[in-house]
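Sequences are here, hints too, so could you generate the full structure?
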Amino acid sequence: MKGMFKVAAATAVAGAVLVAGCSSDSEEEQSASFSPAVIYDTAGKFDKSFNEAVFRNGVEEFNADNEDITVSEFEPQNEEQREQGLRRLASNGNSPIVSVGFNFSSSVEKVAAEFPDTQFAIIDSVVDLPNVQSIVFAEHQGSFLVGALAAMASENGAVGFVGGMDIPLIRKFACGFEQGAKYVNGDIEYFENMTGSTPAAFADPARGSELAKSQISQGADVIFAAAGGTGIGVYQAAADEGIYAIGVDSNQNYLQPGTMLTSMVKRVGVAAYQTWEEGQSGEWEGGIKVLDLSAGGVDWALDEFNQDLIQPAWEERMAQIRQAIIDGEIEVYDYTTTGSCDI
Amino acid sequence: MELFNSIIVILDATLRNATPLIFAALAGMFSERSGIVNIALEGKILISAFFGASAAYYFGSPWMGLLAGVLSSVVFAQLHAFATVTHNGDHVVSGLAINILAAGLTAAVGNYWFSQGGNTPNLAFGDTQARFTPITLPFADQLADVPIIGGIYSELISGHYLLVYLAFAAVPLCWYILFRTRFGLRVRAVGENPHAVDTAGISVAKTRYLALLMTGILVGFAGVYLSVAVTAQFSPNMSAGKGYMALAALIFGKWRPRTAMQACLLFGLLEAIAIRSQGAVFLGVEVPVQLVEATPYILTVVLLGGFIGRSVAPKVIGEPYVKERS
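From first to last, the protein sequence lines stand for chains U and P. In terms of this note's numbering, the first sequence has 275 at position 275, counting the first letter as 1, and numbering is strictly consecutive. In terms of this note's numbering, the second sequence has 167 at position 167, counting the first letter as 1, and numbering is strictly consecutive.
Take these hints with a grain of salt, some might be off.
[As the list claims (entries may be wrong)] FRET-style restraints, in silico, Cβ to Cβ:
| no. | chain 1 | residue 1 | chain 2 | residue 2 | range |
| --- | --- | --- | --- | --- | --- |
| 1 | U | Glu283 | P | Ile298 | 53 to 61 Å |
| 2 | P | Gly305 | U | Asn63 | 43 to 51 Å |
| 3 | U | Glu277 | P | Leu299 | 31 to 39 Å |
[As the list claims (entries may be wrong)] Residues from chain U that keep clear of chain P, each with C-beta distances beyond 10 Å, as calculated:
| no. | residue |
| --- | --- |
| 4 | Phe46 |
| 5 | Ile69 |
| 6 | Arg87 |
| 7 | Ser105 |
| 8 | Val184 |
| 9 | Glu189 |
| 10 | Gln236 |
| 11 | Leu255 |
| 12 | Gln274 |
| 13 | Glu278 |
| 14 | Gly279 |
| 15 | Glu304 |
| 16 | Gln307 |
Treat the hints as calculated values from the structure; they're not laboratory data. Note that the structure is predicted; figures quoted are calculated from it, not measured. For glycine and all other residues, C-beta sits at the position ideal for the given N, C-alpha and C.
Structure representation (structure tokens):
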């Protein structure tokens, strides 16, 4: 059994290193009176998508603009650490604490009740407590826009959607995308796949690649992935097969230049930044905050990596559609209102 | 023709899905045949996927990735042998420890090296082309438009990664090693009756170490296939249960190379069908995604429930070999 102890000891050491590595950040800013914090989702800070957007456009910006303040960060390594991490940040006196992602709903609900004087914010979910700000985005509007662009760019008249975990939020993306594509081309063929029904579905690039190949074999030549880390497999498959892919959450155009048609950006970083700013100036208040197209919460991305792919006529039409949504001339149906996508 | 094409596409995906399972199942075969339960295939896939992708990125070559991936899983396999053979440790517990160690180590080291949340950088980005690319077999392009033959040859057989062909070549090779060589005979013998082997003057420990060396080499190919060929990037926990699926396929295939391969192909086929039947309407009801993705597991349980004859394990599997009890 001696060998076993060695293996067990090595495992314990590795575990200890992990725990130590992720908790050191939270202890730095105890003395300062204003100490904002963020807790990322298990996908990690550098997921090239959702969490990274909070880090790059929220944390880094806020740190740069406020030299004497450092945003405390926590990266849970597993499901159990969500609640522990939140409680730890709160008991260290951090506030406002931004939790990134709907997976935090139950943890925030519990911990926010324990710390009624601490300000919490949750992105992508609604928690009904006075000291929680629930930040939700109009993903259906942004997805409608990229769906419209996908339909313009599709030569086969077939577009696809690859979702991560099968939850109403991801269905909301899918539904908006489908509406946008059908708005531009009523006869368009639309494929939709979900990767799975557990949070692991957001981190399975091999399956993402397989799903994309399946849609491509059925004729799809533009694929929108709203699937976290799984999307990386989708973008790779699209690049290999020479078709277009559409990124999500943060601007992912740079990931595969030449085949990334655009990205549906959700300005989660800006939302986190605003929350901390409000906390700093004392204007913070709980409740639901909806960031839609007109508030700049969602949009489609146009930068140097996809400029050559977008024809001027498309760009013009996109601007019209965008304005029409803002003006309310186009009403994009929101899946989460009824739990179905009857369009 | 429409139907023919969709069948070709599904079979094409089957080959891609089955490849890592075949490598891992063959790997498990050597260790289990020698009497060592190998629940650690999952962790070994993960570790080789990580070191494979890291080395491929660092050296800019998929071959270095393959080498590093195989070496890392060999090290882990030998660690497993050290625990189970030298120290007579419990096979399942030590195997589980290896899985946990692999999951934590890859994420932690990956974060330390690349600061991308445990991911490695993309292996097929800009000037970096450190990834295996699909191979087009001779005449595949010319034959592509020929009906039937074109579909079968150009679509189904041609255009896979080198590792896919290697997986199928490894099946007869492993059969030969296990059933036609002296080493293979010894591996099988220590899994059935180690005392007899010992009496004949052959070291049980050495044979088991060598069997786990084979395991390490073969399972390394599975991990490298995932990270260096398919996704061109490592991401944490990307093995996603393939090690356990391979173990199921091995048991399902009665610990023999050909039948294990068939089991892997069946699982690959089920996954391919599951992906394509998503959202399909069956008897007026949309097939729920949860049911579709659980199908391979449900079928495995049903099939293992005794509908395919008996699956007899090597006799002393899971039992440490102790020369004499005092």
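Going down the list of hints, with the structure as the test:
1. Glu283(U) - Ile298(P): 53 to 61 Å: Holds: the Cβ-Cβ distance is about 54 Å, inside 53 to 61 Å.
2. Gly305(P) - Asn63(U): 43 to 51 Å: Roughly 58 Å apart at Cβ, these two residues miss the hinted range, so it is violated.
3. Glu277(U) - Leu299(P): 31 to 39 Å: The hinted range 31 to 39 Å is violated for Glu277(U) and Leu299(P), with Cβ atoms some 54 Å apart.
4. Phe46: Violated, because the least Cβ-Cβ distance between Phe46(U) and chain P comes to about 4 Å, which does not exceed 10 Å.
5. Ile69: Holds, because the least Cβ-Cβ distance between Ile69(U) and chain P comes to about 23 Å, which exceeds 10 Å.
6. Arg87: holds, 23 Å
7. Ser105: holds, 20 Å
8. Val184: holds, 22 Å
9. Glu189: Fine: 13 Å to the nearest Cβ keeps Glu189(U) off the interface.
10. Gln236: violated, 5 Å
11. Leu255: violated, 7 Å
12. Gln274: The claim stands: Gln274(U) keeps its Cβ more than 10 Å from every Cβ of chain P (closest is about 24 Å).
13. Glu278: The claim holds: Glu278(U) sits with its nearest Cβ about 28 Å from chain P, beyond 10 Å.
14. Gly279: holds, 26 Å
15. Glu304: holds, 14 Å
16. Gln307: holds, 18 Å
Checked against the numbered hints above, the structure violates hints 2, 3, 4, 10 and 11; every other hint is satisfied.
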